[in-house]
Structure formats: structure tokens, C-alpha cells
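Based on the hints, put chains P, C, X and S in the right spot on chain W.
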Amino acid sequence: MEIDKLKVTTSLDKWIKLNVGGNLFMTSRETLLKDPNSMLARLISDSDLISDKDENGAYLIDRDGKYFSPVLNYLRHGKLILDNGLSAEGVLEEAEFYNITHLIALVKEHIQKRDLQTSVVDNK
Amino acid sequence: MEIDKLKVTTSLDKWIKLNVGGNLFMTSRETLLKDPNSMLARLISDSDLISDKDENGAYLIDRDGKYFSPVLNYLRHGKLILDNGLSAEGVLEEAEFYNITHLIALVKEHIQKRDLQTSVVDNK
Amino acid sequence: MEIDKLKVTTSLDKWIKLNVGGNLFMTSRETLLKDPNSMLARLISDSDLISDKDENGAYLIDRDGKYFSPVLNYLRHGKLILDNGLSAEGVLEEAEFYNITHLIALVKEHIQKRDLQTSVVDNK
Amino acid sequence: MEIDKLKVTTSLDKWIKLNVGGNLFMTSRETLLKDPNSMLARLISDSDLISDKDENGAYLIDRDGKYFSPVLNYLRHGKLILDNGLSAEGVLEEAEFYNITHLIALVKEHIQKRDLQTSVVDNK
Amino acid sequence: MEIDKLKVTTSLDKWIKLNVGGNLFMTSRETLLKDPNSMLARLISDSDLISDKDENGAYLIDRDGKYFSPVLNYLRHGKLILDNGLSAEGVLEEAEFYNITHLIALVKEHIQKRDLQTSVVDNK
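Going line by line, the protein sequences match chains W, P, C, X and S. For the first sequence, our numbering assigns the number 1 to the initial residue and increments by one for each residue that follows. For the second sequence, our numbering assigns the number 1 to the initial residue and increments by one for each residue that follows. For the third sequence, our numbering assigns the number 1 to the initial residue and increments by one for each residue that follows. For the fourth sequence, our numbering assigns the number 1 to the initial residue and increments by one for each residue that follows. For the fifth sequence, our numbering assigns the number 1 to the initial residue and increments by one for each residue that follows.
Just chain W, same shape as in the assembly:
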């Protein structure tokens, strides 16, 4: 019985709820710790940052959830995936806010390529 209780606690501990500007995200502790220098790793480590939680126990982050999706996905699988229509500048802003060095580089590279393509089309 003691062991079962422990198992449940451990299992729930693995999962983290985030309330990003009113949108709920659910992810694993492991994912958020991927980049130890990021603000997200610091948020859940609770040592040097006082973290607020909402009434459902989700960590509160005062940012837009829409641009947070590609940031979280990057931490999940290491790639930058951007849907058409989503502003890359919006994602860059978040990558910088969350301080994820490699993602910042990836988004900047993406913006450079995009602008190069556009200017080629314009000069035809």
C-alpha cells in the first residue's frame, strides 16, 4: 500500500501543468529540464525563482500560449516546426524570453532564409 501511494506520487510528479497566458499545456518534467539554462528549467526547479501557480496547480507564465507551442515542441523533439501563418518573429521573441540558446539560433536562421527567398522573388 505504501509502495502504491509512492508510485502514484512519482507518476504525477513526472507531469507538469503550465498556464501560459490562460492556455493550458501539459508536459513532462524531463522535457522542461532539457535546456538547464532555460527559464522553464528554473521555473520548475523552484530554487532561484518564486513560481506562482493557478487554482489547478499549473505554473503561471505571463506570455502568449500560441507562440509557446513551437518552443515546447522544440524541447520535446529538438526541431523547429512552424506552421504557415504563424509569425516567426513571435516565436523568436519567446525563444529569447525563455532563454533557449539553440532555439534562438534555429529561428534566426529560419528568418534569414525566409527573407532571402522573398527578396529573390521581389527582384525577379
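No false leads were mixed into what you were given.
FRET-style restraints, in silico, Cβ to Cβ:
1. W:Glu89 / X:Gly57: 36 to 46 angstroms
2. P:His102 / X:Arg29: 47 to 57 angstroms
3. C:Asp115 / S:Ile111: 29 to 39 angstroms
4. S:Ile104 / W:His102: 21 to 31 angstroms
5. C:Asp115 / P:Gln112: 24 to 34 angstroms
6. W:Glu89 / X:Glu55: 40 to 50 angstroms
7. X:Ile104 / S:Ile104: 27 to 37 angstroms
8. P:Ile44 / X:Pro36: 52 to 62 angstroms
Because the hints were derived from the structure by calculation, they are not lab data. Since this is a predicted model, take the numbers as computed values, not measurements. Idealized CB from N, CA, C, for every residue including glycine.
Okay, now just chains P, C, X and S, sitting in the frame of chain W:
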């Protein structure tokens, strides 16, 4: 014990819920006070504007939440980020409604650039 | 005490919940009464139309909420704002259903301009 | 009193909740019965099809809610309305699944026109 | 009475809730078992994979729900349906994560065709 209770109150006080036309947003008091002349700063200061709240304690605003996102993001980080497809005129309408002077200027500038580009393409 | 109670009732009376095909909208009674001949004004006046409500007290409307957004926004600020990608024909259908004469004219005008532009591009 | 109770039951009976792959839709019984041969009419008639419901009393359908919207709208007003970006093939798949003969024809016609236009542009 | 209870249990057993990064999906056990080698079939078989559930009994998956939609739809009807704007690379990433061999092939084929078309346009 008294101190703990105070801490919880202070922490919850930092966070504000907004119900914009039925969409929930969560942000910090600090963000909403960024532009002291805006309707949002007045809304939460409670002195000269009688504010209604819904059953979850969120301030009620009779506007569309979709166009509110870029407005709130501007208050968060000071930049205008517009996804493709979202009507800039829709955001201008909200910037004027919320009375955020610098954002109004940013959106107008964005619209001018966009219309210039379109007319260049049309005249080729 | 009586006065306080009255104030709360009045304040809640100002706000109306709509359940449009499963999507929740929140707006003011004032907004819905903007066009007195519209089906929305009749819906909340309760005299000549028997209105159903869901379990949260929201008026039930058997239509798509996505195309309802521009209709409600028109009542809020008097302008037609359409995002890229959203079907103008879908909004026209709703403007006619809700019987908002001026909005019907605005959407038809928008469609005519759009079709004119497209045919110019096709004939180049 | 008996009459009032009856009225409430009748009113609630008019409205049907659907849980399409996790998305909630609310519509009238009348709308779902528009095409008597459709799977939706059979779903709520309860005679030849055993229907599952979720914990809120919504009929469970194991399909994607995004492509269900134009199907339900068709039953509401008899027209095919497709937003830009939404896959027409995705809607055709659902029209066939729900077995709505006239809608299947409308979507196929839409796809033919679209493909014709594209090939004209390609051959210029 | 015993039989009725059994029926309810069996009916609820047929339906599975998934919490994919905070988004709720509802589908049938049958759909998730379509590809027996997929991670989804293993998730609900509970034998070789320890599965976490959220407080509503939904299986927790640490991925983005937006790219999960076409994956689930593929299991429902066997076709690849992609909306405009949705990143095919994002869906490929998920098809590989969930280990659905035939879907991986379908998405790769789609990407090849798309890139071929783009390069033809560029070289005109």
C-alpha cells in the same frame, strides 16, 4: 502563519483574469499597468471605472478575444507581432478601443507598409 | 444591503451568455440590442420568441460560432473585420440568418470587391 | 406545474450534444434529422444503432470535429461553406462517413472546380 | 440489472480519452489498435508500457495535439488529410514518434511531391 497567508494573497493579487468576449486570458497586474492611460490600466485600478466580473472573478470586456492577443502581447514585450491571416484592421480597432497610443502608431505603420507593398505588386 | 444586492443583479443583467453551436460568447445586452430588428435583439427580449438556454444559462443558437464572431464584432463597433481564410460567404449566411440589414450590405460589398480583384488578376 | 415541467423537458429534448473526437457541438434535433438517411439521423433515433454517450450526455462520434463543422453547417442551412486552408478532401471523407448524399455531390463539385482552376494556372 | 451495468461498462470501455500536451481527444479503442505496432496500441494495452493518466482518466502523452489530429484521423479512415498551413514536417515527426509505418510513408510521399512542385515553380 499570518505571513504565509499574506504571501498567498500577494501572489494571487499579481495575476489578473480577463474574460474578453468569452475567451479567458491570464496576465499580470504589472503588464496591464504598462500604459497607465490605457483602458486596461483603468479597468483594474477600479477607481473611475465600474468593472464587472464573471463568476470566476475575471474582468468582463465586451470585445473579441482573437484581436486582443496582439494587444496583450504588445503590453508584455513592446512589439507588434501579427500572424498571417489576422486582420491588422481588427487589431487597430482594438488598439483604439483600449487606447494604447504607441500600439495605434505601430499598427498604422504596419498597414501603410502592407498597402504600399500590395500596390507595387499590382502595378508591375 | 438591499442596494448592494440590486447593484449585483443589475451588473449581471448587463451581460449575456450565448451558446452558438457549442461555442460560448459573452457580450453585453446593449450590444445585442444595437439592431432592434435583428434576431439577436428579439432573442433576449423574450417577448415574441421562445428562447432556450443551456445548463449555464446561455441562450442556445443552432449555428456555427466561427462565423458568428464577425457578426458580434460588427454589433460591437460597427465595422466588418474579416480574417484571411475565413469564408465571406459563411459570414453573409449568418448576417442573413440574424437579419442585420447593414451588415448584409457590408459583406455583399466586400464579396463584390474581392471577386472584381480576382477577375482582374485572372485576365492579366 | 406539470405543464411547466413538460415544457422544460420538451425544450431540452430539442437540443442535442455531440462529442466529435473530443470537440463539443450543440445543435437541434431538427437539424440532425434533415437528411433522414444520414448516420446522424440514425444516431439520435436510437432504433437501429446503439449510441454511446459521454459523461455529459453528448453522443460520442469517433471522428475529427474540425471537418465536422461544414457538415453540420450544411444540415443547418443547406450550403457548402469552406474556409481557406481547410482540406476539402477532409470534408468529403466526412460527408461520405455521415452518408449525406447531396453534400457528397457538393464537395466533389467543389474539388473539380478547384482542380480545374489550378491546372489552368499551371499551364499558363 | 446486472446485465445493464455490464452494458454500461462495456460501452465506456470502448472509448478512450487522450490528453496530448493538454488537448483532449476522444476515440475508440478499436481505432487506437488499428496499427498493432504503434505506440498508441501499446499505450492502451498496458502490458509493456507504464501509462500515466490525468485526473480525468485520459492517457497522458507529452506531444503537441495539433499535429496529432492527422495521425488519429489516419487511424480512423486510412487517409492522410492535411490542412493548408499545417506543417507536414510536424506531422512526419509525430508519425515517427507514434511509429506508424504506413503513415510515415504517406507523409514522406506528400513532402516529396510538394517540394517537386515548388522547385518547378522556382525554375520557370
